[in-house]
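Protein chains: 4
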Amino acid sequence: MAAPLRVGVIGAGRIGVLHARNLAGRIPGVRLEAVSDVVAASAEKCAAELGVATATTDHRRILERKDIDAVVICSSTDTHSRMIGEAAEAGKHIFCEKPIDFDLGRIDDALAKVERAGVKLQVGFNRRFDPSFRRVHDLVRSGSVGTPHLLRITSRDPSPPPIAYVKVSGGIFLDMTIHDFDMARYLSGLEVVELYAAGGVLIDPEIGKAGDLDTAVVTLRFENGAIGTIDNSRKSVFGYDQRVEVFGSGGMAEAGNAFPNTVIVSGDRSVARDLPLNFFLERYMESYLREMEAFVACVRDGGEPPVGGRDGRVPVVMGKAARLSAEQNRPVKLSEIKA
Amino acid sequence: MAAPLRVGVIGAGRIGVLHARNLAGRIPGVRLEAVSDVVAASAEKCAAELGVATATTDHRRILERKDIDAVVICSSTDTHSRMIGEAAEAGKHIFCEKPIDFDLGRIDDALAKVERAGVKLQVGFNRRFDPSFRRVHDLVRSGSVGTPHLLRITSRDPSPPPIAYVKVSGGIFLDMTIHDFDMARYLSGLEVVELYAAGGVLIDPEIGKAGDLDTAVVTLRFENGAIGTIDNSRKSVFGYDQRVEVFGSGGMAEAGNAFPNTVIVSGDRSVARDLPLNFFLERYMESYLREMEAFVACVRDGGEPPVGGRDGRVPVVMGKAARLSAEQNRPVKLSEIKA
Amino acid sequence: MAAPLRVGVIGAGRIGVLHARNLAGRIPGVRLEAVSDVVAASAEKCAAELGVATATTDHRRILERKDIDAVVICSSTDTHSRMIGEAAEAGKHIFCEKPIDFDLGRIDDALAKVERAGVKLQVGFNRRFDPSFRRVHDLVRSGSVGTPHLLRITSRDPSPPPIAYVKVSGGIFLDMTIHDFDMARYLSGLEVVELYAAGGVLIDPEIGKAGDLDTAVVTLRFENGAIGTIDNSRKSVFGYDQRVEVFGSGGMAEAGNAFPNTVIVSGDRSVARDLPLNFFLERYMESYLREMEAFVACVRDGGEPPVGGRDGRVPVVMGKAARLSAEQNRPVKLSEIKA
Amino acid sequence: MAAPLRVGVIGAGRIGVLHARNLAGRIPGVRLEAVSDVVAASAEKCAAELGVATATTDHRRILERKDIDAVVICSSTDTHSRMIGEAAEAGKHIFCEKPIDFDLGRIDDALAKVERAGVKLQVGFNRRFDPSFRRVHDLVRSGSVGTPHLLRITSRDPSPPPIAYVKVSGGIFLDMTIHDFDMARYLSGLEVVELYAAGGVLIDPEIGKAGDLDTAVVTLRFENGAIGTIDNSRKSVFGYDQRVEVFGSGGMAEAGNAFPNTVIVSGDRSVARDLPLNFFLERYMESYLREMEAFVACVRDGGEPPVGGRDGRVPVVMGKAARLSAEQNRPVKLSEIKA
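Chains as they are written, first to last, in this note's numbering: chain A, 32 to 370; chain B, 32 to 370; chain C, 32 to 370; chain D, 32 to 370.
A hint or two may mislead.
The list cannot tell twin chains apart, which means a pair is met if one copy fits it or any two copies do.
[Claimed, not checked] For lysine-lysine, the following DSBU-like pairs were computed, each having C-alpha atoms within a straight-line distance of at most 35 Å:
1) Lys144 x Lys266
2) Lys364 x Lys266
3) Lys369 x Lys76
4) Lys144 x Lys76
5) Lys198 x Lys97
6) Lys364 x Lys240
7) Lys240 x Lys144
8) Lys76 x Lys240
9) Lys369 x Lys129
10) Lys266 x Lys198
11) Lys240 x Lys198
12) Lys198 x Lys364
13) Lys97 x Lys240
14) Lys97 x Lys76
These are computed hints drawn from the structure, not numbers from a lab.
Only a predicted model underlies this, so the values are computations on that prediction, with no experimental measurement involved.
Just chain A, same shape as in the assembly:
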């Protein structure tokens, strides 16, 4: 058996702990060597739970270690591009949570450093690894729906984030729709050339006061002329509403919501089932595990990361285009977004 891949996790918040648990207990051939967090107690708690020797408040302690092969960056968004650069210069392979940055210049700097260092970089668009979305992607790719003509992504959250978060989130298009922009590219295998975003504040006026939208529809124009729509809401009372549909010259592939069980109850008023899963960690539990397995596999066995640097950059361009489109109420070409 080959020596295990040695990994450090930077950032032990909710998503960092999730990745750490997967690395420590569910992926063969990996050893979680170190955990860092700017809050000492967070790093220590995570390390203790998982039997990890090193807990630190300084991610550079991880980058310095020669025996560590790869890092998983889960720190706050504003640190991503810098840490990618540092990790690349330290020769580590990198898994980084999305988004890389809101600034295209900083993204480009980070990607340049990755390229110079010759390390691998995978961006955390985990939804690509959801078994249902992946199945739709595979069906499109294999030609089962023919040439894509219409694509539809429904992406509605159970409830809005706190207003404090809204203010620093980059806005709905860069915080929430960014996942759907990635999904549109992933499912269709096509690039978007133009989009039109219509948004509103229909759920909570506080979101509007914070300068953001809570409801949005984005029309996408793909390079082959196909048309897509993304519809977003920050509040779906029935739970996480996450569906996709690709309609083409040969048919249609749809993925529906995920439910906690298959039970149907017929009573004297209706035929009903329980609500869809409500929490993103439950809804996407499997996708988080699969994306990390894929990262480990590409580092160990070679091959390109399934979600590379360009895949991290383009959705940021789309998010900026959507924001401009909504502000000016006009279609915006992606080529208009320069930096």
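Using the hints, position chains B, C and D against chain A.
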């Protein structure tokens, strides 16, 4: 265009009126000539509604008419076998509601008269013409599920009939399960050789006092060794529960319940749809039309009726076997039922 | 019993014959008195089939008759507005197939004549009477989904019309999307103030040469800020794809496709069901009957027609706005459309 | 935090390894201390994978250790009852795979030793922990379906076991239906008093030569008069077919099959989805984890095991009754089964 088929309806109760309406307005190439009912007002009302010239209290007025080709017998069950005989002797083709009779001797007499007269007889097992059950039948026949191994019929009524009706109904097996016995033969294309019936009074003690059961499960053994189950209840609070399933060496075909619409409502407590159709005339509306079209077609164009005399007789044998089985709590061979 | 409502049908093409059959055989309290068509054989064949006394090539023969209460206009689109005017002046109540006209001035003239005459006018947006779409409408109206935030209409035809028809159809937005514009207003109970149409020619280049589009997505902005999308395709290989969804502050109501049966087949490669209904007369059969019942009821019993003159006019405005939007690739306010 | 529960696993075959992995990596508060297997390599491989210190071929090395609190018995069926006795006498809490034994005398001896020792015993009927079956159970218990009247369990395997296994399996009723007997008691909350089993050899004549059946339907009579059916097949070409339904005075609860994704593909021939999960370790993965969590919880926190000794014994009685019923083709009361 050929001359229209001229038809008389005997018995203008609920089901007679339904057949009369289909004959008068929805089946091309037919002329409804006469309606009889022992209650004059019923015959007259039906005739007036549909613009039929003749209304009578005496069905023999219909049988005497040389210009009438066929009769549809919808009078009370105890008159069926006698009227079949009379109609056959008058040279009329016959559609008769199920059951022909509860007495096998009288059934055999009636069928002998039909055979001597060379007229066609179709028995009113309408459910064979339901588009979903028919599709399952066709799939089995075409080999899509391979050799049948297991068959399942769910047949539950929205609510029990009045106790007065229960007393003269012949019992649950001859009144209700008889449809399912026919369906078992129709779907499988196989004969049943033995059955075991387990029943109970779980819904209404008055049904038990009337000597009947309100809940029953019948296990069927088919000639090829396949095994079937029928489960019946007189009261399904969520509406008509009518489903079938055939499982075989090559797969499975299932037909589900019929709903009034396709709407799904997701609220903050459940994902729900409206109840299935609740009334047999709605649930089986199309099947009544299609069975009469088939009768008209076989009389006009030749060919065997799709539900013949033997198809009317065997389910009565099965009903008697089920009653005996439930009384004696043992499996009963159909060959034990002599008369 | 009241005297029957006496009706004449103008235009005995496919849709005229359908209405004539419903009026003659399936709606109580109506007498179909006359049928006209510019092609004598068409009028005569329809009249013969249904036992109607009068067949004529001149619709004025119908308008002159004092004993006729109402007319059903199913002649070619370019005659609708003129015949509405003539029928109104003759004091007849009017059911008219959609669209009233492609010219807003002629629509307004016709509606003015209807108003002066004090007759009732119902426009043939039959899909409002589909039991599933109606159920969604009722749920929205009753508050079951709260305030509408997002509305989605999927409307895809099994196959494109002949190119000869495309050339005179008024274009996809006035020929096909017009139904969806009506549905958007019906389901939401709201008016649209602005829309953005993105279209393409992805199915058949001949459609493009004829100056039309075959694939389109229209984003609707409603008066309350809610956002809707309509997506259209002229070719859905799996059959008629007609679904709607209303998402609001309190939940979601969806209507799915209509299938010919409920059968599910599980084989060794997939779990499958038959395709949705493929032909609009089958898919919407019930809706055509229900809209005519509603027309008859409002004429006989009083009350406003459920789809009035304004409901006929607004979707034409929306169709013109969509055409302009697609041509200029910009959002268009409905208030921009003057005539 | 409390000291971890220290556990040893006896038997490192497929199911033993599964439990060992769950104990080692997915259940907090547990330490897997030792693994035994009669095949040294199996014990060693499992211990190495999971970082367990002790691997042995002699389970008594585990029972002797004072620091081990509980054992998980996954050795071959013929050793279960003996090892339960030994473990009880050693004061260990016990989780034992089903069945305890095929001999009621040996079961009773083992249960008596458990009782004398005052240790906890949980039997491995894992399907009770499937989230869908559990939800049906909870709905029945909470009264959501009223009084149970009819219960149905569909339990069909993807493919028959090897003939060599069939010969030592105890027969279909003790090997396969035993899970369904447990499920019938679990879902209904009721005891069965009588049953009737109809079986056949429809799939593979070799199974018949080995003295077993491959297809069976068992009718259950519950203590309250309710009636249940279990239908079994050793070969379902479309995958694991595992569904349940409870129909009662107040409604119905059903659990359907489990699928690997939610994707639906509409093509030009059908609307289809992928087959249900095909392998029991995938289908019931979550249930294995949940049952072990429940065992750990009852040992650590007190309380009765959710599946106790009596729950292990009754299904064996039912299996013997079913075998007798099929042999003699008659209903058999459970009270007839003495040893």
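We went through each hint and held it up to the structure:
With identical chains, the CA atoms of Lys144 and Lys266 are never at most 35 Å apart, being 39 Å at best within one copy and 48 Å at best between copies. For the homomeric pair Lys364 and Lys266, the shortest alpha-carbon distances inside one copy (29 Å) and between copies (28 Å) are both at most 35 Å. Within a single copy, Lys369 and Lys76 get their C-alpha atoms no closer than 43 Å, and across copies no closer than 57 Å, so neither meets the 35 Å cut-off. Within a single copy, Lys144 and Lys76 get their C-alpha atoms as close as 32 Å, which meets the 35 Å cut-off; across copies the closest is 43 Å, which misses it.
For the identical chains of this complex, Lys198 and Lys97 are neighbours neither inside a copy (39 Å) nor across copies (58 Å), given an alpha-carbon limit of 35 Å. With identical chains, the CA atoms of Lys364 and Lys240 are at most 35 Å apart both within one copy (28 Å) and between copies (26 Å). Proximity of Lys240 and Lys144 under a CA criterion of 35 Å is satisfied in neither setting, with 39 Å inside one chain copy and 50 Å between copies. Taking the shortest Cα distances, Lys76 and Lys240 never come within 35 Å of each other, neither inside one copy (37 Å) nor across copies (61 Å).
For the homomeric pair Lys369 and Lys129, the shortest alpha-carbon distance inside one copy (20 Å) is at most 35 Å, but the shortest distance between copies (48 Å) is not. For a Cα distance limit of 35 Å, the shortest separation of Lys266 from Lys198 inside one copy, 17 Å, qualifies, whereas the shortest one across copies, 44 Å, does not. With identical chains, the CA atoms of Lys240 and Lys198 are at most 35 Å apart within one copy only, with a shortest distance of 10 Å there and 50 Å across copies. Taking the shortest Cα distances, Lys198 and Lys364 sit within 35 Å of each other both inside one copy (26 Å) and across copies (32 Å).
In this homomeric assembly, Lys97 and Lys240 never come within 35 Å of each other (Cα to Cα): the closest approach is 49 Å inside a single copy and 65 Å across copies. Taking the shortest Cα distances, Lys97 and Lys76 sit within 35 Å of each other both inside one copy (24 Å) and across copies (31 Å).
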